[in-house]
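Which chain is which? The protein sequence lines are A and B, in order. With positions in the first sequence counted from 1, the corresponding number in the numbering used here is that position plus 41. With positions in the second sequence counted from 1, the corresponding number in the numbering used here is that position plus 72.
Since the hints were derived computationally from the structure, they do not count as laboratory data. Do not take every clue at face value.
Taking lysine to any residue and the SDA-like style, the derived pairs with C-alpha atoms no more than 20 Å apart in a straight line are [claimed, not checked]:
#, chain 1, residue 1, chain 2, residue 2
1, A, K230, B, A282
2, A, K230, B, G191
3, A, K132, A, A78
4, A, K470, A, A460
None of the values given here were measured: they were computed from a predicted structure.
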Amino acid sequence: MSGTHGTETTAGPVLGDTPPEATSATGEAGDNAAGIAAVGRVARELMPETGVIADPTQLRTYECDGLAHYRVTPALVVLPETTEQLAAVVKACSEHGVPFVARGSGTGLSGGALPRADGVLLVTSRMRTIHEVRRADQRAIVEPGVINLDVTRAATPEGYYYAPDPSSQQICSIGGNLAENSGGAHCLKYGFTSNHVLGTELITPQGDVVQLGGLAPDSPGYDLLGTVVGSEGTLGIATTATVRLVRLPEEVRTLLVGFHTTDDAGAATSAIISAGVLPAAIEMMDALAIEAAEAAVHCNYPDGAGAVLVIELDGASAEVEHEYALVERFCQENGSFELRLAIDATERALIWRGRKSAFAAVGRISPDYIVQDGVIPRTALPEVLRAIAELSESSGVRVANVFHAGDGNLHPLVLFDDAKPGAGEAAEKVSGAILDLCITHGGAITGEHGVGVDKAAYMPKMFTDDDLDTMQLVRCAFDPGNISNPGKIFPTPRLCGEVPGKRKHAHPLVEAGLADAF
Amino acid sequence: MTTVDLDTARTALSDACSDVTDATPADAVDGVPAALVARPGSTEETAAVLRAAAAAGLTVVPRGQGTKLTWGRPPESADVVLDLSRMNRVLDHAAGDLIVDTEAGALLSDVQRTAGSAGQRLALDEPVAGGTVGGMLATNASGPGRVAVGTARDLLIGVTVVRADGVVAKAGGRVVKNVAGYDLGKLVIGSFGTLVVVTRAVFRLHPVPAARRFVTVPFGTPEDASRLVQSVVHAQVVPAAVEVEWRVDGAGTVGVLLEGTPAGVEARTTTTRRLLGAGTEAAEAAPPGWGVLPWTDEPGSTGLKLTCALSGLAPVLTAVRRAAEDAGVALTVRGSGGAGVLYAALGADAPVDAVADVVARTRAVCTEHGGALVVVDGPPAVKAAVDTWGPVPAIDLMRRVKEQFDPERRLAPGRFVGGI
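Construct the entire structure; sequences and hints are all you get.
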């Protein structure tokens with residue numbers, strides 16, 4: 042089942058709504074009562090009164106993340122201010138077998154921070170210190186609650202920025218980005234969170250504090266950092282992130298290009314990429330998405346466009362100049378009827394505002410909607426878009442398309458009115474069929490929003506039992522008690538059990554007395 | 073082989089794999105003699121070999137072309153060499169999607185040839201020529217180009233693996249953007265064959281740039297080298313590589329690679345030369361030794377990998393030179409100064425104690441600057457005497473991962489950190 046949004050995508054809870062039934066993914070209220078009381082005692086000893094929330098009314102303000110359709114009231118909310126406090130609370134959870142869920146700003150779109158009714162919600166919003174901006178090292182070290190855009194703000198005076206830019210970058214947290222391996226419009230050229238987080242201090246599900254990666258690359262040993270980033274909070278909680286800072290480019294050119302059809306816009310995209318041009322971003326919106334954005338933020342996109350592309354080129358000026366000429370040519374050759382180049386930061390911001398506000402904007406043209414996050418090979422774009430249009434036509438369910446065209450990451454917005462009987466179910470059906478299309482075209486069920494609770498049921502369509510079982514070996518290594526955000530990603534948990542294997546021999550260096558602490 | 077006799081093992085493996093032979097001395101893994109060589113032709117056959125090895129209690133060391141088999145520590149035993157060289161096909165190059173799907177035994181040079189036919193490349197240097205995709209992944213090998221594009225972890229998008237118990241699993245897929253499930257590919261990169269056997273890999277590709285230019289300038293002191301590197305990385309010339317070479321006679325060169333369009337490279341070359349100051353040269357061909365690991369020039373030398381925060385470049389260069397001079401050891405340094413990764417060679421004639429001294433002193437300074445020192449390769453006497461991997465944070469978690477994947481320590485036991 043996919044989640045739905047109300048008009049206000051980042052809305053808090055709607056009091057009076059009935060939360061969905063508690064499931065194995067979310068636990069039963071009242072379970073673990075003694076353990077939760079014990080964790081609460083530990084937390085209250087360490088933290089100011091406002092840092093521990095047990096009042097039922099207050100607890101309900103944390104019942105959902107950005108995927109507001111799923112709501113579960115946590116048994117306890119803790120807002121730690123330090124690594125030590127957080128580690129102590131996690132340790133207490135471990136000792137009492139209490140599940141915990143980490144939450145940053147609560148903007149996630151897959152229910153990754155959906156609380157457990159029988160567990161503790163650990164909120165990092167009081168851990169917002171930017172420890173260091175190290176220009177000479179091209180790195181910053183920040184706490185998990187730090188807002189994504191604030192890293193860039195802190196680095197800009199030094200001539201640097203933080204590249205991953207999810208649409209929610211004004212409010213989402215680095216810790217949440219790390220958990221979800223967040224992307225953004227510019228990951229076409231610059232990569233995802235996993236390419237930009239180079240170290241983390243992690244609290245393991247046992248409450249131990251370990252350092253993975255750091256200022257230097259290629260730490261010896263398994264790349265546990267690479268596994269933790271994107272593990273959706275199931276392998277522990279990051280308390281710092283060492284992030285790469287990227288030098289601000291010498292030049293940025295942002296273009297808005299109008300096309301009559303999405304096919305034309307898709308063909309232009311393919312021509313650009315095939316010519317070896319790697320723009321910082323290529324984003325597409327179809328007519329319905331444009332209509333919504335116009336209604337919401339008056340971004341003044343070209344009249345009558347069946348599709349627009351937002352293309353951004355950046356880098357050394359001489360390279361951008363050359364790429365711009367190619368992009369202009371490929372757009373014209375593929376039927377563009379209007380091409381606007383932003384001449385200053387204000388115009389650039391206006392172009393991006395239409396795109397970045399698109400999800401919320403859809404609320405202007407539909408009371409409810411589902412946002413999907415499937416990925417397809419970019420060359421399959423025209424075919425899949427046509428198939429989505431056919432699905433929409435045959436079902437009578439409207440679908441607005443907003444997506445990262447350069448890397449084939451679709452964000453179809455399936456529109457419906459929940460007040461009409463059966464509309465929600467029809468929308469769910471279309472939404473699921475779109476994911477099936479992605480899978481049959483060799484793609485993925487999520488490109489950047491994560492699996493969370495929302496897509497766990499789809500994982501077996503993409504992966505075999507053996508694939509999922511093998512992934513869960515990692516889970517068992519980190520979290521044998523299955524208490525760190527249980528119920529997310531995997532449709533069925535793996536019982537970790539006791540590991541029978543023992544080391545057969547001591548390491549030869551240890552035997553030889555040459556070393557004792559590896 | 074201590075637990076079973078050779079005939080039993082040979083029979084067990086032959087049932088699983090059509091190509092099993094007795095090992096020769098040339099099949100020894102870093103001096104550890106092997107008993108059998110199995111050459112599976114598919115993922116399924118690889119799985120059958122691993123199931124048979126598990127049933128017979130045999131240890132297994134995966135091998136591609138064997139070009140980096142002496143990296144890391146020698147395994148505690150190598151009953152079976154699992155040779156993937158028959159699985160050498162580049163399966164699919166989807167040029168429009170900029171991806172390549174390949175068997176693990178494929179030569180990197182074959183992958184590059186295939187990608188190159190469409191003006192694309194797998195943006196990974198090959199520091200040791202003749203290797204396979206699987207060997208590159210197992211050792212996390214990379215070269216100068218890492219400054220711009222990164223390493224295998226930034227390019228691998230899908231992987232098929234066989235576990236020690238013979239179970240086949242995959243993670244990732246064929247699209248660049250994908251957050252469904254754990255990224256097992258990253259866990260496998262640099263694991264030296266101790267976790268799983270990779271049989272297939274999918275990579276994202278990049279366009280081959282139309283023009284490239286190498287700008288070089290000599291440096292005198294480590295502080296000069298650091299200043300030159302900093303001037304380039306903080307500029308807006310977007311270098312593809314920033315190399316530092318410090319030859320055995322103390323002569324140093326900073327080298328910058330610029331890639332892009334002809335006009336763009338021309339303009340950026342001018343800017344870079346201005347940044348680097350007097351004595352710069354620009355050439356279309358790579359300078360001698362570019363991207364070559366310094367110890368491959370001299371058989372029997374000890375190869376080190378030194379990492380640090382970028383700001384630690386001068387102190388680390390100073391420390392390794394001073395330690396080598398004090399110990400009377402010949403030293404050559406070459407590496408990605410712009411990425412905080414340096415490779416060093418200590419002369420083949422250096423006494424073991426002297427090497428151990430250089431390692432210990434330099435490691436302390438690398439660690440102080442956020443990095444580490446690893447003895448990548450070296451003569452058996454050196455490897456036996458020094459802590460090659462050094463201290464590893466989070467080693468307990470790594471052991472737990474190993475125990476989950478390979479509880480009986482069947483895969484390349486002892487080759488990796490902490491005796492894993």
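Outcome of the hint check:
Straight-line distance between C-alpha atoms of A:K230 and B:A282 comes to about 18 Å, which keeps the hinted pair within the 20 Å bound. Restraint check: the Cα-Cα separation between A:K230 and B:G191 comes to about 18 Å, which is no more than 20 Å; the hinted pair holds. This hinted pair checks out: A:K132 and A:A78 have alpha carbons roughly 14 Å apart, not beyond 20 Å. Distance restraint check for A:K470 and A:A460: the Cα-Cα separation of roughly 17 Å lies within the 20 Å cut-off, and the hinted pair is therefore satisfied.
Consistency with the previously given hints is maintained throughout, with no hint failing.
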